[in-house]
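Undergrad: So the chains spell out like this:
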Amino acid sequence: MKKTIKMREMLKDQKGIIKRVSATGDMGRRLREMGLVPETPIRIQGRAPLKDPVAIKIRDYVLTLRNNEAGSILVEVEADQSN
Amino acid sequence: MKQKIIIALSGNPNAGKTTVFNAITGARQHIANYPGVTVEKKYGMVKHKGFEVEVVDLPGTYSLTAYSMEEIVARDFVINEKPRLVVDIVDASNLDRHLYLAVQFKELGVPLILALNMVDVAESRGIKVDHRELSAQFGVPVVPMVARTGKGITDLLDKVVEEASKSAEWVNAPMSYGMDIDSGLGQISSIIEKSRVFDKKYPARWRALKCLEGDSQITGLLKRDPELGTSITDICDDIFKHTMDTLEEEPEAVIADHRYGYIAGITKKVVKRKIELRLNFSDKADRILTNRLLGPIIMGLILYGIYSFTFWASEMPLLWFEMFFDALKNLVAAFVPSGILQSLIVSGVIDGVGGVLGFVPLIMFMFFAIAIMEDSGYMARVAYMLDRVLRWFGLHGNSVMALVVSGGISGGCAVPGVMATRILRDPKERIATLLVVPFMNCGAKLPVYAMLIGAFFTKDKARMLFILTLISWGFALFAAKLLRATVLRGPTTPFVMELPPYRAPTLRGLLIHTWERTWQYIKKAGTVILAFSVIIWAMMTFPRLSEERIQVFDQNREEVTIAFLNQQAVPQGIKDKGELKVLNQLYHGLSGDGNIEPKAQHHETLLQVARAAIWLGREKGETAPSEIEEKSLEAGARFLKYHQQMTNIDNLQQQTALKRTIAGWMGTKLEYITRPLGFEYRTNIALVGGFAAKEVVISTLGTAYSLSDVDEDETASLSEKLKKDPAWDPLQAFTLIIFIMLYVPCVATVVSIRKESSWKWAAFSIFFNLLVAYGVSLIIRQGGVFLGLGG
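Chains as they are written, first to last, in the numbering used here: chain A, 1 to 83; chain B, 1 to 791.
Hint data in this document are derived by calculation from the structure and do not stem from the laboratory. Ideal Cβ placement from N, Cα and C applies to all residues, glycine included. Treat each hint with caution, since some may be false.
Estimated spans, in silico, between C-beta atoms of each pair [stated by the list, open to error]:
#	chain 1	residue 1	chain 2	residue 2	range
1	B	Ile673	A	Gly25	25 to 35 Å
2	A	Gly25	B	Ala485	41 to 51 Å
3	A	Gly25	B	Gln187	22 to 32 Å
4	A	Arg20	B	Ile467	43 to 53 Å
5	A	Arg20	B	Gln782	58 to 68 Å
6	B	Glu133	A	Gly25	35 to 45 Å
7	A	Arg20	B	Glu133	50 to 60 Å
8	B	Lys2	A	Arg20	48 to 58 Å
9	B	Glu322	A	Gly25	51 to 61 Å
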């Protein structure tokens with residue numbers, strides 16, 4: 001079973017595949033040039049001490065973004081994954 | 001016959017672009033700013049196989065949109081300057097994202113070479129890139145290399161020369177972005193080709209693409225020809241509606257998807273992965289270094305370590321610099337007759353410029369430590385960990401370094417701090433940061449604090465300094481919040497940032513980084529700061545005492561001297577002024593602040609008196625050593641009294657002179673404003689002088705409070721003096737500490753602020769800081785008085 005959730009809801013070490021980036025304008029452009037486009041696999045690397053920003057592993061590098069930015073990204077994950 | 005060509009180095013940040021640039025050009029590099037922006041332009045020359053190659057280091061960018069100043073600068077350079085070639089440096093271990101920029105260069109059509117960097121890192125991660133296949137697929141030459149070790153640099157230059165010998169034509173390789181976009185591109189480019197608004201510098205299809213991407217720079221051009229503009233915008237709108245209906249994506253996103261699709265097609269054939277390592281070294285290091293609990297602790301230790309290192313390492317060089325400037329002053333004093341010229345050179349030029357240059361070792365080591373943090377990749381982690389905190393105050397994760405450099409752990413300098421704000425992308429966040437960094441406790445404020453703490457808060461000196469550090473952070477952050485809520489209101493910029501893998505920095509890179517920044521600091525001392533310290537010197541020197549006034553003081557001295565010589569108890573040795581002069585010299589020589597001429601050594605009687613006087617001035621309630629005779633002791637006591645009287649006259653003269661100068665006049669007039677704070681004219685003069693450099697506050701206070709030759713080492717005596725003064729109490733001292741913490745940044749900082757922003761903001765920082773300082777000090781003083789804490 002797969003389900004689609006927002007990136008900001010993902011847990012540490014959880015993997016998924018980007019399905020949609022709803023940010024537009026400069027923000028959308030910035031996310032895309034950093035490689036956040038649909039069908040790209042990602043994994044949550046960790047979160048900063050105050051739980052924000054979040055660090056993700058994508059295309060063999062580590063990218064950080066704030067939770068509200070991560071909120072505009074939809075990711076498909078395994079539904080029963082709970083770690 | 002040498003052929004001259006220009007090539008541009010391009011690449012993502014962290015692709016190793018700077019390393020490649022350093023490896024190619026060595027020390028032969030220059031820095032300038034791109035016209036009108038603070039983006040640095042670095043260029044260097046290299047000769048290779050009969051070619052003179054000028055290498056221009058473009059700013060590191062992820063893309064060629066108009067998102068940031070760096071991107072605009074990079075693409076304007078390529079389009080306007082038409083370099084013979086662009087060398088795009090791509091990271092072999094992270095090829096697909098790095099090719100995103102390369103694809104955009106291909107869209108532009110500029111002759112391109114790919115430098116496939118860090119193949120060693122890629123291989124260690126089990127990633128192998130077939131560079132021949134990459135060249136075949138992507139259609140441009142590819143040179144594999146390891147820039148850190150210099151491997152492949154010659155191959156790259158060979159390839160540059162080889163390509164430069166070929167035709168210089170720009171080739172447009174039209175990419176496909178799907179039917180909808182392609183047809184739109186066709187329509188728009190044919191309109192553009194016919195138009196006269198657009199010059200022919202840019203390929204029409206590329207401009208069409210930028211129109212569809214909503215690029216602000218290109219769409220701005222459309223407004224010049226409304227008719228043409230509307231026809232193009234109509235097409236863009238149609239396509240926008242269409243892609244939103246069918247694909248639920250804006251055209252720009254569709255274009256990006258196709259670029260990545262094209263790249264994925266290539267990397268599938270070119271990149272071979274052995275095993276996917278779940279966690280590489282950097283990932284493992286980050287588990288600890290950015291751990292929710294350990295991360296902040298380690299960060300604190302590292303920042304503390306940087307300070308300890310900086311102060312430890314620069315201690316000796318600072319002393320050398322001080323000795324050098326002292327020697328220089330003595331040299332000037334020896335060759336230039338005393339008077340206005342000597343005073344100008346010694347107090348105006350050497351003290352002013354020397355005060356700034358004296359910090360060079362400290363700043364150099366600080367920059368070295370910061371370069372290590374940057375080059376190793378740790379700096380990005382600090383920004384990542386602190387972003388949430390700083391964002392609350394309207395700042396950005398990247399603001400942290402500027403605050404720390406300026407004195408975040410007390411002892412720093414706002415000048416490099418202001419320069420460190422360059423990494424901030426958003427102008428409002430950058431200006432907010434550079435306006436609040438002067439609130440931090442820089443190294444020049446510390447001696448003033450130390451003096452006042454020494455006088456009034458003797459019980460917990462360390463705790464007091466710690467509290468002051470916290471207070472300065474508090475003010476800096478809340479001032480930032482205030483600014484961001486008023487004059488600098490605006491949205492926070494995204495924190496979409498790469499955490500580069502940890503890397504061991506190269507010594508060469510560190511040294512180049514350190515030197516570049518230190519040099520910028522030194523350059524200031526020679527120009528603006530020189531001018532300002534001369535002005536401040538003049539303000540504290542002119543107008544001078546009138547001849548009549550000086551005569552009054554001279555007469556005073558004469559009277560005291562004659563009275564001394566006429567005394568009965570003066571032993572036979574001191575019967576005229578000549579011998580008094582020798583005695584004076586012996587006294588100062590023996591107490592260690594003067595030289596004794598060999599001739600004077602033979603004056604046994606005078607030597608005795610001088611020894612007695614020194615002993616009397618020092619020891620109390622003990623019997624005199626047997627070698628000092630009773631007679632000398634009496635003479636010594638009288639000499640000491642005489643010496644005291646003379647010093648008092650000198651001090652009074654200095655004080656009177658200072659009060660009559662422009663600075664003194666200002667200080668007196670300022671009393672109307674500063675009286676509610678409890679500052680009288682002497683403090684005001686010191687504060688006016690502190691505008692040149694905060695260290696000046698202490699030496700001026702010394703002069704104003706009648707202590708000749710007060711320098712920073714002798715603050716103890718100034719402390720004593722203030723302690724006894726009835727106008728001073730702990731509340732007054734604390735008010736002054738806070739005022740000094742917050743009031744106008746020093747000249748050097750104001751100049752840096754101007755350089756990083758504008759005169760408008762530099763002026764704003766002066767008034768804003770004064771206002772904050774005044775307001776806060778007023779509350780402290782009046783609140784304190786109200787609570788009965790002081791007079």
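Undergrad: Now tell me if each hint is right for this structure.
TA: Do the hints match the structure? See the list:
1. Ile673/B to Gly25/A: 25 to 35 Å: The hinted range 25 to 35 Å is violated for isoleucine 673/B and glycine 25/A, with Cβ atoms some 49 Å apart.
2. Gly25/A to Ala485/B: 41 to 51 Å: violated (24 Å)
3. Gly25/A to Gln187/B: 22 to 32 Å: holds (24 Å)
4. Arg20/A to Ile467/B: 43 to 53 Å: The hint (43 to 53 Å, Cβ to Cβ) holds, given that arginine 20/A and isoleucine 467/B are roughly 51 Å apart.
5. Arg20/A to Gln782/B: 58 to 68 Å: Since arginine 20/A and glutamine 782/B have Cβ atoms about 59 Å apart, the given range 58 to 68 Å holds.
6. Glu133/B to Gly25/A: 35 to 45 Å: Hint holds: Cβ distance 37 Å, inside 35 to 45 Å.
7. Arg20/A to Glu133/B: 50 to 60 Å: violated (33 Å)
8. Lys2/B to Arg20/A: 48 to 58 Å: holds (55 Å)
9. Glu322/B to Gly25/A: 51 to 61 Å: With a Cβ separation near 55 Å, glutamate 322/B and glycine 25/A satisfy 51 to 61 Å, so the hint holds.
Hints 1, 2, 7 from the earlier list are contradicted by this structure; the remaining hints agree with it.
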